[in-house]
Every structure is written in C-alpha cells, then in structure tokens.
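Q: Model the full assembly from the supplied sequences, consistent with the hints where possible.
Chains A and B are the protein sequences, given in the same order.
Heads up, the first sequence is in my numbering, so the first residue is 1 and it goes up one at a time.
Heads up, the second sequence is in my numbering, so the first residue is 1001 and it goes up one at a time.
Ranges between beta-carbon positions, derived for each pair:
#, chain 1, residue 1, chain 2, residue 2, range
1, A, P2, B, G1049, 23 to 33 Å
2, A, R4, B, S1032, 32 to 42 Å
3, A, V5, B, L1096, 38 to 48 Å
4, B, V1102, A, K3, 42 to 52 Å
5, A, V34, B, H1066, 18 to 28 Å
6, B, S1032, A, Q31, 14 to 24 Å
7, B, E1076, A, G43, 22 to 32 Å
8, B, T1098, A, V36, 29 to 39 Å
9, A, W8, B, A1074, 24 to 34 Å
10, B, A1074, A, E30, 14 to 24 Å
11, A, W8, B, H1100, 42 to 52 Å
12, B, V1111, A, V36, 40 to 50 Å
13, B, N1090, A, Q33, 27 to 37 Å
None of these hints come from the bench; they were simulated from the model.
This structure is a prediction, so every number in the text was calculated from the model and none was measured.
Beta carbons are placed, not taken as given, at the ideal position from N, Cα and C, and that holds for glycine.
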Amino acid sequence: MPKRVAYWLLRLYPLAWRERYAVEVVALLEQHQVTVRTLVDLGRGAIEARLHAQDVLESLTLPIHAEEPSNTATIDRLLIGAGGCLLVGTGLALLVGPTRSVGNIAGLTLLFAILDLGPLAAIGTVLMLLHRGRSPWAFYGAVVAAGLCGFTTFLISAATYNTFFEQEPPDYQAGPGWWGGLGFTVLGGVSVMLTLVAAYLLNSLRAQSRQTAN
Amino acid sequence: VEWECAVHPGTELTNFGRFSDPALLILTSLASGAKHGYAMMQDIVQFSGTRLEPGTLYGALNRLEHRGWIAPTAGEERRRPYRLTEEGANVLRAQLATLHRVVTTGLTRLVPV
Chain A
1 MPKRVAYWLL
11 RLYPLAWRER
21 YAVEVVALLE
31 QHQVTVRTLV
41 DLGRGAIEAR
51 LHAQDVLESL
61 TLPIHAEEPS
71 NTATIDRLLI
81 GAGGCLLVGT
91 GLALLVGPTR
101 SVGNIAGLTL
111 LFAILDLGPL
121 AAIGTVLMLL
131 HRGRSPWAFY
141 GAVVAAGLCG
151 FTTFLISAAT
161 YNTFFEQEPP
171 DYQAGPGWWG
181 GLGFTVLGGV
191 SVMLTLVAAY
201 LLNSLRAQSR
211 QTAN
Chain B
1001 VEWECAVHPG
1011 TELTNFGRFS
1021 DPALLILTSL
1031 ASGAKHGYAM
1041 MQDIVQFSGT
1051 RLEPGTLYGA
1061 LNRLEHRGWI
1071 APTAGEERRR
1081 PYRLTEEGAN
1091 VLRAQLATLH
1101 RVVTTGLTRL
1111 VPV
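A: Next up, the structure:
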C-alpha cells in the first residue's frame, strides 16, 4: 500500500493514537498484503480507538513523532472552515431564506430562528469547550449537537417544502421556488456532514493541543 | 475462548474483550525475544496459524503497553520492537498454566470417546 494512502487511511484513528503508532503501522502496511479484511479491521480498530481515546492518550509512554504529510493539518482547518461557513450559512438561510409570512408577521421565519438558533448556540458552546479542552465529553457533545442541528434543519426543510411548491398563494409572500427549496435541503444535508467532520477534526486538534501542552 | 487467571487476580486478559486472544498470541510471540509489528505477525502465523491484521495487532499492543506487560525498546522508529516485561511474563505464565490445565483435562476426557 502506498505510504500516502496508508496515512490517509489512518486518519480514521484519533490523533494521539496516530502520533504514537502511525509510523509503525504505515511501515507494516508497506510490507503487509492489504485485503478488504485489512481495511475492515483498520476501520473497526479506529472506532474502538475513538471509543477509548482517553485510554489511548494515557497509555502513551513514548514521545510523539509526527511523520504525516504536513498538508493534512491545512486540510483539517479548511474542512473546519468550510463546515463552519456552511453551518452559519444554513442558519442565515433559515432566518432570511424562504419565508411564508402573513402580512408583516414572518411566522415561519421566527420559528426557523427559534428552532435553529438553539442547536447553533449549543454547537458554539461545545466547540468553545473543545478548544479550551475543559471536558473530555465535549467531542461527543459536539456530535450530538451537530446531529440535533442537522435533524432540525431537515425537519424544517421537510415541514416547509409545501411553501416552495405553492404557486403565488393569495395571502402569502412566495418562497424562492423549487430550486430554492432543493438548494436549501442540500445545504442542510451538506452542513450536517461537514459539521460532523468539523467536530471530529476539532477533537483531533484538541488532542494535539493537549499533547503539546504536556 | 476466554480464560480466568487464578494465579494473578486482576491481571486476566479477559478484560481485553475481543483483544484477549490476540494479546495472548502477542505475549507468546514476544516470549522468544523483542519483535516489531510485522515480525510479530509473521511469527504468530507460524506458530498458531492465526493471521492478525494491523488494526487488531495495534489495538492489542496499545492495551498491553497500557498495562505495562510489554514495552517498546530502542530501535528503528518505523519498525519499533516491543519486548515482554517481567509483569507481562508473569501474566503469560499464568495464562499458559490455565490453558495447560484446560488442554490436559480436555485431552484426558476425550480419550474414552
């Protein structure tokens, strides 16, 4: 297996684990005959390592040695940035996007704001905690919050689809139409995925900063 | 197969979950001297016929290292050898003694069959 591919594959593992074992595992994979079973085994190992991330950190007896391509850190940050932008974009779309208002009262817009600002605030708080490394459970909190946000977004998209399909309703302002509705839903989906990726990667950064501090 | 360690309570490999069998194989492999990951895999295939995959191997190594039953030794960074510690040797001895009793009992009981 090419070295670069092996490193990318090992990105499934927590940062602390990678810094300790990645160099050795990559050397092993260069000699090992990689099969589907190998890939499944690595995936399963990565899930277990993530579930016991704290144990992995505590078990480190050797100084870390990073040999991973340096551009991966940049890609991490780009993904976090993209996820964050899309998340904020979704929130804004909910606030000022397709509306179904009666007169001057934008009822659904207000509902969007109430439903989506809660999860957004939760994510912001949890990510802040992640950065400060105050809670070992912050990562799981971020994932749950991201999931909640995504679920809410989907829920709102589904609930308001009717708005996009309506043809010049007599008492309502028209929404942005089919394409707007579709784009809104896609944006929500992408936002969920990228938010989860961002939470996952932020956890890695948190582990890295903790290691540096130690 | 899971074993209980009667000689050293609290040190049994059963706490390793799915890594208990690989851990025993690794300890056995290291009993003949320090080895790096790939050498361990080769050795384990030879003496047991079990082909450990890298995810399982390093999952077990991490747990064994955490317990202090194995330790990394100075060597090439990319192929870092691991050695059995004294505590690890004691655990292995106890596990093998238990297994030996099981094997002996099993073979004895199979004879009439």
